[in-house]
Amino acid sequence: MFRAAPVPGARRIDEREAEELLQGISTSADRAQLLRLLAHASAPPRVDELMGVDEVLAAFRDAQDTPTPVVPAPARRRLWGIVSRALAVKVVAGVGILALGGAALAAGTGHLPAEVQHGAHDLLSPLGVPVPDKTTAGTGTAHNPASHVSTAPGHSAPPIAGTPSGPAALSPTALCQAWKDAKKDKHGNGMDPAQRQILENLAGGPNRIRPYCTRVLGSDPGPDPTPVPTPTLTSKPDPHPSKPPKSKHPAPTHSARP
Amino acid sequence: MLADIDNAACAEEIASVVDEHGIRGVGTDDGDLVSALTAALRGDEAGFSVLWHALQPPLLRYLRVLVGDAAEDVASETWLQAARDLRTFRGDVTGFRVWLFRIARHRGIDDRRRVRRQVQDPYDPVDQESRLTSPDAEREALDGLGTRWALAVISTLPPDQAEAVMLRVVAGLDVAQTARVLGKRPGAVRIATMRGLRRLANHPQVLARSPDAVPLSAVDTVQPEGV
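Chains as they are written, first to last, in our numbering: chain A, 1 to 258; chain B, 1 to 227.
If we strip away everything but chain A, and leave its shape as in the complex, we get (with noise of 0.2 Å):
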């Protein structure tokens, strides 16, 4: 039987050349298609690919009004059950938590100042309730596919799968400054669209964009209190009133220092 002459890296993909592959990585030339291909499919993100946000949002909205807490029955049993035991200790302890259903509620929500919330979490952390500060753990992996031959020059788009850097072209501050950027660019490279529609969202509108940058890159401090579409998560003082900076316990206690 007839055997054509092998094809140039006709070898098979061994799972340590997979790996390599998916880092964008390659020392041989005849893999540049698949990594051209890999390539295309992890792509900036495109403007038609950041429609419908309007929508989620409301979305989460109503779900943030939702008066009950959602804790199937089984769980708020359970829930009762350890709450009343480990009152039964912390209570003691001077710990103080409020009214019971309406921490358990409130903590379940995490409308509760911070240092109660942290009580409260102590207390009803197997059941989700949330870290009033801090995540857990980092920022996931360093992973980043995005793919270039060894020969191609650096770059420095995000890939559409999100490495730490990529996101950070999102924050209400980045984009501004992009769009001011690209307002001062002589060489008439405007904003990059996926980016300009993701402004747009933030801002309200194209036509809100400028009011809406003026605020987040100036040193206009005053924000609106009312929950208009333009919250950010730079230094402004945000308008949701969950938070307060520093809290006072609401339980008397003995005095902390002499």
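Keep in mind the hints are simulated off the structure, nothing from the lab. Possibly wrong hints are sitting among the right ones.
A few chain B residues that face chain A, going by a derived Cβ cut-off under 7 Å, partial list only [unchecked claim]:
1. Pro57
2. Arg84
3. Ile109
4. Gly183
5. Arg198
Which stretches of chain A does chain B cover? Using the computed rule of at least three CB atoms under 8 Å from a CB of chain B, they are [what the hints assert, rightly or not]:
6. 11 to 21
7. 26 to 37
8. 59 to 65
9. 202 to 216
For each residue, glycine too, the CB sits at the ideal point set by N, CA and C.
Chain A is fixed; fit chain B onto it per the hints.
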């Protein structure tokens, strides 16, 4: 050498694909997605919005391979469920990614059962094939044709290989995280990924796009009207 030309042209194309937006990663702050998640868990809508902007595109692409045209609908259902169930979520950003893609996968499987699709390959690339032969890679990337082409090719893989490749490449999950989404052992994920990449490497569409294949005239892929 032909191989060198191929390599260099590919390298350029790859660079143009990943560079096209010129995103400079302004203020590369690793904390942005972490703080977004923290904020979202506290009920801050802005945090949830950042998460959505970061994860919706990869989610859509994964679902495109899973359920084809229903990707947008299933993605919406996924986010709705995520918004509702967020208060039950605990974990870091990676955990959230796994959690979100698990929801998406379950919704996608439900959708497939509901529709009782007969077609093995839900994303039919047939009417895309004739259009996706332009060598103008940069414009393709801008139009999304390159991505659509890539997803179409991946969709021709057996489902477990297609899913493994998409979760590793597009969703940015590692082996263990992919295994959690798929409900498989890590070893099985490695094998499925490897087999998927092997198939892709030998796929006619991938091989055909080398410069020494059938010459592709620099014609618009978009047919003028009336032709």
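Results for each hint:
Given hint, B/Pro57 at the interface with chain A, holds; its Cβ is 4 Å from that chain's nearest Cβ, closer than 7 Å. Taking 7 Å as the C-beta cut-off, the interface hint given for B/Arg84 holds, the closest approach to chain A being about 5 Å. A hinted interface residue such as B/Ile109 counts as satisfied when its beta carbon comes closer than 7 Å to some beta carbon of chain A; here the least separation is about 21 Å, so the hint is violated. Restraint check, B/Gly183 versus chain A: the minimum CB separation of about 20 Å is more than 7 Å; hint violated.
Here the hint on B/Arg198 is kept, as its CB sits about 5 Å from the closest CB of chain A, short of 7 Å. Closer than 8 Å: that is the beta-carbon criterion, and the region 11 to 21 of chain A has 6 residues meeting it against chain B, so the requirement of 3 holds. Coverage of a stretch by a chain is defined here by at least three residues with a beta carbon nearer than 8 Å to that chain's beta carbons; for the region 26 to 37 of chain A and chain B the count is 9, and the condition holds. Counting residues of the region 59 to 65 of chain A whose beta carbon lies closer than 8 Å to any beta carbon of chain B gives 6, which meets the minimum of three for the stated coverage.
Here's how the region 202 to 216 of chain A fares: 1 of its residues keep a CB closer than 8 Å to some CB of chain B, so the rule of at least three is not met and the hint is violated.
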